[in-house]
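**Q** Kindly generate the complete structure, drawing on both the sequences and the hints.
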Amino acid sequence: MQDQSPQSRSGYSRRDFLKGTAAATAASAAVLSEHESAEAATTKVASAQIQEITLSVNGKEHVLQLEPRANLLDVLRNDLNLTGCKEVCETTNCGACTVMIDGKATYACSRLAIECQGKKIATVESLTANGQQDKVAEGFLKNDAMQCGYCTPGFVMATKAFLQQHPKASLEEIQKGLGGNICRCGTYHGITQCAVAMAQKGEA
Amino acid sequence: MVDLKVGWNKPEENSLIGTAMLRIDGYEKATGAAKYASDANTAGTLYAKVLTCPHGLAKLASIKVQDAEKVPGVEAVHLFANVGDELKWEGALVAAVAATRPEYADDGLRALQAMFEPLEHFVDEADLDGAVKANRTKDNGEKTKGDLAAAFAAAKVVHEGEYGVSTITHMCLEPHGSHCEWTKDGNLVANLSTQNVSGTAGQFAGPLEIEASKVSIICNYIGGGFGSKFAADEWGVAAARMAKQTGKPVRLMLDRATEMKIGGNRPSAFAKIKVGADADGKIIAWESHHWGTDGLTGNTVPIKDLPYVFQPENVQHKATGIITNCGPKRAWRAPNHPQLCALTDTAMDDIARKLGKNSYDVFLANLSQTPRQDVYRAEMEIAARMIDWKAKWHPHGKGGANNGVVRGVGMALHTWPGVAVAASCKVKVNPDGSVESFAGSQDIGTGTRTVIATVLAETFGVEIADVRVHIGNNSYPYSNPSGGSTTVGSVSGANRRAGIAALGQLFDKVAEKYKIDGSKLSAKKKTIWLGDKAVCSWKEATALLGIKPLEVQGESPADDGLTSSGVGGVQMADVSVDTETGKIRVNQLVAVQDCGLVICLETAKSQVYGALIMGIAYALSEERIMDNTTGRFINADLQNYKLPRIGDIGELMVEMYRPESETSRGVIGLGEPPVISTGAAISNAVCNALGVRVSQLPMIPKRVLDALEGARA
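In order, the protein sequence lines correspond to chains A and B. Under this note's numbering, the residues of the first sequence are numbered 64 to 267, in order. Under this note's numbering, the residues of the second sequence are numbered 7 to 719, in order.
Worth double-checking, as some hints may not be accurate.
Straight-line alpha carbon distances no greater than 20 angstroms define the calculated PhoX-like cross-link-like pairs of lysine-lysine that follow [unchecked claim]:
{"#": "1", "chain 1": "B", "residue 1": "LYS288", "chain 2": "B", "residue 2": "LYS162"}
{"#": "2", "chain 1": "B", "residue 1": "LYS648", "chain 2": "A", "residue 2": "LYS239"}
{"#": "3", "chain 1": "B", "residue 1": "LYS280", "chain 2": "B", "residue 2": "LYS363"}
{"#": "4", "chain 1": "B", "residue 1": "LYS139", "chain 2": "B", "residue 2": "LYS151"}
{"#": "5", "chain 1": "B", "residue 1": "LYS324", "chain 2": "B", "residue 2": "LYS139"}
{"#": "6", "chain 1": "A", "residue 1": "LYS239", "chain 2": "B", "residue 2": "LYS589"}
It is worth saying that the hints were derived from the structure and are not from the lab.
**A** Right, here's the structure in full:
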């Protein structure tokens, strides 16, 4: 995929990525040479070098100094203070960290920040940028599709992305399409009502 | 002096209370604007992670703190345990590392190279005989009343069965934890994910040896609690210590696995039950021995409440706690009730099965043994209509199969106090007509802000948008911890009392200005009325305050009829079971629930919908699985700890039971009750479908197939 857009705005390319990996290997080797025991080899993991990483988030370019292993979710929440996406499961199961990457609903915890260069990342905060109202979020409000609210932004993003791709989705399609997110308070009834109503009215 | 009588309007006189108000903070929650403790991210924040014991029981043999301290990015290492200490369950905290990035905290944990000396553990909570042999039991009491032998002899039918409910966790999506920061003048600001905003400052202050007045607790939003978040916890105090040590803010939220292992759980309960009933199915004799674990303290659900709700005359019950190396229990939504209900109402349904009678009639025959039979009877009638019980019920196991799929219906019922407790608030009426309420309360999903705004808007005759609600800060007047369905009663009572007192003072000003009788005034539609004649607008009235806002403190509870306690609640389930795969599907689930006067219909119904879904979870899929060999909680992640997803819930139907006899009782809490009987109702529906009892919740496919095989054998 990167090969198709070598001149991304961030200037990121596969070659740069490989360079980073090589640096990492060299760094590890340097550390290993200082220690003889095998045990040390497994515990003294040295990280790859910090690199300049450019992310396009909510229409804005952010230049960050990050290690290749930095997780997109951590970067969005901690470095960019976009805390609408939540860290819940750490295992790509729950969808609380759902963002859109190039328009597709994606678990932010399933991506390294470095692999998202050149892509358009949209977090839940983008829905209300410049004071605009969001129809899906309003639909959640109208159907009381929330309780504690912790899973809600992720569900809103999943619903938005799903209805954009399936504007006339049936109940069964909605139940499958939103099956990637988990709520503990039990707000599925309201979310279903919201999504069905929006699909029927073609509002998404 | 106008002294207005404290009370609620008649329901038909209300314009807001009892209607479907939208959640006033709902849009903030939906758009990510709502900030939780885990979102606190002030400049220079360090990210802390914890190292925990990987064994059921182990001694900490060695740990290399200095190595971890040398790791780039690591700024603090905190030890929860010292070398030589025993760690008594998997997940017990060993150390925390705070670093400038989460990745560096991971590096620091690895560098600790903690070594453990495993010791012999015990985690088998279901096998009573094994626990006795291993000397891991604790007597939890025994009680008898009546003449059991005579009652069994007189019984028309006697049923003996085994039942069980697995341990489950709270699984709050926002894990336990905090963001702690010290101010220059030595005050601690703790953004704490808590159900207990007003009650946790001292829990930081004590171990940190500072005055409680120096601790600010902030919790504007909390991502789930369910009874597990009342404490600062040792990891909260550790975050504060590391923040102090480094001079930087520290965020320490438990990782998911640790959250599940030590963040709280609902104890298991297993039972051997023998029931004797008369020809109508009325239980006349009950004998039970139940056991289970809450961890090392060795307690199971309390003996006094079994059988649940129903009080037969002849009872002998006994309980044995099992002492396990499992993480300790915490209050879980309606503590003990779901287990007690699952043990009782399934045994009751087995009496119906044995007699070949309609379960509905057997429950009906037993209502005289409950404390609120009229409510249950009325709710049963409504629920039966909603689910079409008459058309759907068939003798257990006799419904016929369609491609190996059988269908059935079941019911169960429950109770809960939901009493209002000690809480206060400050209500402020500003000269410009805007209204504020301050309380050290919190919104665990209840809709606390919406409830308070509704009560005050109704009281002052203004709009919801005119009321600003401030909660989530311990500098506001003390409010109760949100547990046991106490919040709505407590905050609505306190705010109504303060609001009425404030209105009386405002009427004094209006009466003086317009030379009229203040005791005959009322406030509606942003206008002050004398009978049906408008006196002045709300804003003209509040302008009479001059420059000084009107401030009134409200207290809860009081004996004035605003709140009371004690609810019923009936649930019915319609399920399909695939006898080849063991897979259960909920087709319909009906809840009819009373809770006195409903303040916000929409959020109240949401509580019930949510409870039904939590009920489906513990009935069909979620459970903690302990491995006896390693002593580990082997499904401590959201991949293998199965929660229902949006397509797994079937059709849910909720009816708030609110005739005049209910609404006149005032406000009663609602959070706990609707989660109680869902498990039993679904189990009974499955039994009606199959003709055999799947004895343990959750009824995962293997247990369904085992039950079918057992019946064939």
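**Q** Now tell me, hint by hint, if it's right for this structure.
**A** Outcome of the hint check:
About 10 angstroms separates the Cα atoms of LYS288(B) and LYS162(B), which keeps this hinted pair within 20 angstroms; it holds. About 17 angstroms separates the Cα atoms of LYS648(B) and LYS239(A), which keeps this hinted pair within 20 angstroms; it holds. Restraint check: the Cα-Cα separation between LYS280(B) and LYS363(B) comes to about 18 angstroms, which is no more than 20 angstroms; the hinted pair holds. In summary, the hint linking LYS139(B) to LYS151(B) is not supported, as the alpha carbons are separated by about 30 angstroms, beyond the 20 angstroms threshold.
In summary, the hint linking LYS324(B) to LYS139(B) is supported, as the alpha carbons are separated by about 19 angstroms, within the 20 angstroms threshold. Proposed proximity of LYS239(A) and LYS589(B) is supported: the alpha carbons are some 18 angstroms apart, at most 20 angstroms.
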